[in-house]
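Novice: For any residue, its number in this note's numbering is found by taking its place in the sequence shown, counting from 1, and adding 1301.
Quick caveat, the hints were computed from the structure, so don't treat them as lab data. None of these values were measured; they are calculated from a predicted model. Do not rely on the hints blindly, as some may be mistaken.
[To be verified] Derived lysine-lysine pairs resembling DSBU-like cross-links, with alpha carbons at most 35 Å apart:
1) Lys1407 to Lys1332
2) Lys1407 to Lys1348
3) Lys1332 to Lys1348
4) Lys1404 to Lys1332
5) Lys1348 to Lys1338
6) Lys1348 to Lys1404
7) Lys1338 to Lys1404
8) Lys1374 to Lys1338
9) Lys1332 to Lys1374
10) Lys1338 to Lys1407
[Unchecked claim] Pairwise CB distance ranges (calculated):
11) Thr1350 to Thr1417: 18 to 24 Å
12) Lys1407 to Pro1373: 39 to 45 Å
13) Asp1375 to Thr1350: 40 to 46 Å
14) Lys1332 to Lys1374: 23 to 29 Å
15) Thr1350 to Lys1374: 38 to 44 Å
16) Asn1349 to Ala1321: 34 to 40 Å
17) Lys1348 to Ala1383: 33 to 39 Å
Every residue gets a Cβ at the ideal spot worked out from N, C-alpha and C, and that includes glycine.
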Amino acid sequence: MTVIPMTPAKSPQQSIGMTANLQVSLAAALKAHGAWKQQLIEAVANKNTAMAAAELRMSEISAFGQFLMALPKDVRSTERMAEVSRLHADLHAMAGDVALLVKQGKHEEARAALSTGAFPQISAALNQALVRWQVRDMAA
1302 MTVIPMTPAK SPQQSIGMTA NLQVSLAAAL KAHGAWKQQL IEAVANKNTA
1352 MAAAELRMSE ISAFGQFLMA LPKDVRSTER MAEVSRLHAD LHAMAGDVAL
1402 LVKQGKHEEA RAALSTGAFP QISAALNQAL VRWQVRDMAA
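The whole structure should be built from the sequences, with the hints applied where relevant.
Specialist: Here it is, written out as structure tokens:
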């Protein structure tokens, strides 16, 4: 996984707000996470049983997880970031469940989990939480 370099906030007043570097890092992390989700979708479509469920559950090793962990402590400790972190971890847990379904030969269940199950619901909730963070805190 690529670790996205972070530039710390310049002052305590800006620590919650998004600096330009933080915005670029967030965009790169989200792009990488989108690619990760697409790879998962393709792996399920191809019935790839080599997916490592335990690794998929490890949200902190993804590019977006690295981004979250690299945020300044005062940003990470906000309620909004706690929600984002929880939803991100939930998404990875669901990805691990999907990988297990594929390994068990339950391909239709795995596809359903990605298209109509908890996975798209969690993904949408994560996206909404990120938009709320950007709208409220980027403008701060």
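Novice: Hint compliance check: list the failing hint numbers for this structure, sorted ascending.
Specialist: none
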